[in-house]
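Build out the structure end to end from the sequences listed, making use of the hints.
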Amino acid sequence: MSEWPHWLPLLAVLPLLGGVLTPLLFRRRPVIPCFWAVAVALVTAAVAVMLLLRLIDSGDFSYAVGGWLPQYGIELRFDQIGAFALPASLLVMLALVFSRHYVARTVDPEKISYYYALVLINLGGLNGFLVTGDLFNLFVFMEIFSVSAYALVAMARQPIAALAALKYLLLGALSSLLVLFSVGVVFAMTGTLNIEDAAVLLEGSSSMPAGLALAGLATGFAVKAALFPVHFWLPDAHAAAPAPVSAILSALVVKAGVAGLLRTLELFGGGESLYLQPLLSLMLWLGALGTLGGALMALVQRDIKLMLAYSTIANIGYIFIGLGLATTSAVGGAMVHAVNHAVMKSALFLAAGAMIHQTGLRNIDDLRGLGRRMPATAFGMAFTLVALSGVPPMAGFVGKWQIALGALEAGQPLPVAVLVLAGLVVLAFGVRMINALYFRPPARVSTVSSVEAPVSMWLPVLILAVASLALGLAGSSMLEFVAPAVQAIYGTPP
Amino acid sequence: MTVVSSLASHIDYLVAVSLFLTGAWILLTSGNLVKKVIGLNIMETSVFAFIVTTGMVDEGAPPLVAAGLQGPFASPLPHALVLTGIVVAVSVTSLALVLILRIKAELGSVELDEIALAPKADDSAGQSNQRGSADE
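Chain order of the listed sequences is H and X. Residues 1 to 494 (this note's numbering) are what the first sequence spells out, left to right. Residues 1001 to 1136 (this note's numbering) are what the second sequence spells out, left to right.
Note that these hints are calculated values from the structure, not bench results. Just so you know, these numbers come straight off a predicted model, no measurement behind them. A hint or two may mislead.
To be verified - Partial list, derived from the structure: chain H residues whose beta carbon lies under 7 Å from chain X: (1) Glu143; (2) Ala162; (3) Leu177; (4) Leu180; (5) Phe181; (6) Ala188; (7) Gly371; (8) Ala443.
Beta carbons are placed, not taken as given, at the ideal position from N, Cα and C, and that holds for glycine.
Written as structure tokens, this is what we have:
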């Protein structure tokens, strides 16, 4: 065994350790934690880069925690889903850079070290969740990133934040328990907690308990991912949270639910189980409803952060359409869109946060005319909105194109209609926002007197905006990269 | 008859599932935030009870290496899982209770319908106030 797998646990251990140490080391110094947290996230991202190079070089590899071999011990596995740890670490790093000036005004000074600690712990939970190959470990990491996310939502000062956080907590805990219950059922059926091992033992079983476990896992992760009928916790929580936290929640924490669903499909994969096909159809149609509903709701919002939150629901719908279609191009497109949407939506939430920070206003109509006062931020937002609406060759295009292609391959033209329709609606609210920023006279005094945000705020926005173009250009290599994972999860789809 | 006897032999699973559903019902339908947390705890307990019973082996011995103890052994793994689960449940419950305290302090109630009514009652006064404190 080479020494490479030993780097794997660092993905989760570094941010967790760094997070726990933050309040211990810097409790009385509100400035240092930011630099510390950025450094920790940067080192984590560096580890992820090395692991990713290794993955591209010679395929996925695993690490037995504590030397207890898989099947008995906990196995960490780095595959294409685990590779999402790299964008996760980088996005969290940019959100942390953004936080420096933002948090100083939105969070009480004595709580600042806890804020950075929670963000790092959230990253550690996410990374661990992505790389673990053990069902119970999956639950534990899920709770780590969920509980830290609940607390982060409550960090905002406004009174509605605590209520939004509690709603999020109750729904989140309910879904976590569904997952834990299903893990218990799988353990009772197979006597193992290792995902690969359990998948072999289950053999795509069609027994009643297997159906129960599949339903529990799918429902639990669908709540985490905010799939259409169980999405109602999302708009409040994402709109109430501090802007960098909204970015992390919308970009990453929601995607973890998608990753969990991919692991579930892996567990029951092979297409043998009788329950799998109905589940996939359900995901397809709920995804389609979510896409349309989310896009329409985004269009009628007045609050900019609520608009972005509903747009997240629409994009989760896209991803689920892709996963439900179960053709190679659609699933690959969905996985790529998960990454691209993460980048675009964090850019948008950070830009919105910068605007709210500078003007104190959050209604779209009040933000009119800000394009000239905050050129960098407004450009980042406008550019990313164009990318999000799916203009080729930018990042929003790749996933949607692949999903539409997959729908035609599967002989289902209706999802294509949904994609086109929702794309138009997304374009409509993008145009509305751009119009307000650049082509309308200012409606409020505070927008006229406002100035560009500090560099630490607009630079992450611009980096992410550029990334949303670069990722679009790199679309085909990303699709090539995720192809083995699609094969592994869905067997060999048509 | 076979259904009844198989149900009777899995009475523990039945109890766990009915507790789970009871908890879920309270969590989803109660308007009182504290009661919702209690419902959540009932659900947690049912899941833990379910997982512990999966480790049970009829006539099983404690899983220890000692003189006089022979297999079949009861599975010790579920206990380890449930211990971890309890730690998670305690932290979730404590966070929920702290949030409820803050809601009570800031919004004046732990009843969802009263909270929903409150902002509408003082809309004119609350609007500008909320605007000012909203995020910034």
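Please write out, lowest number first, the hints stated earlier that are contradicted by the structure. 7 and 8
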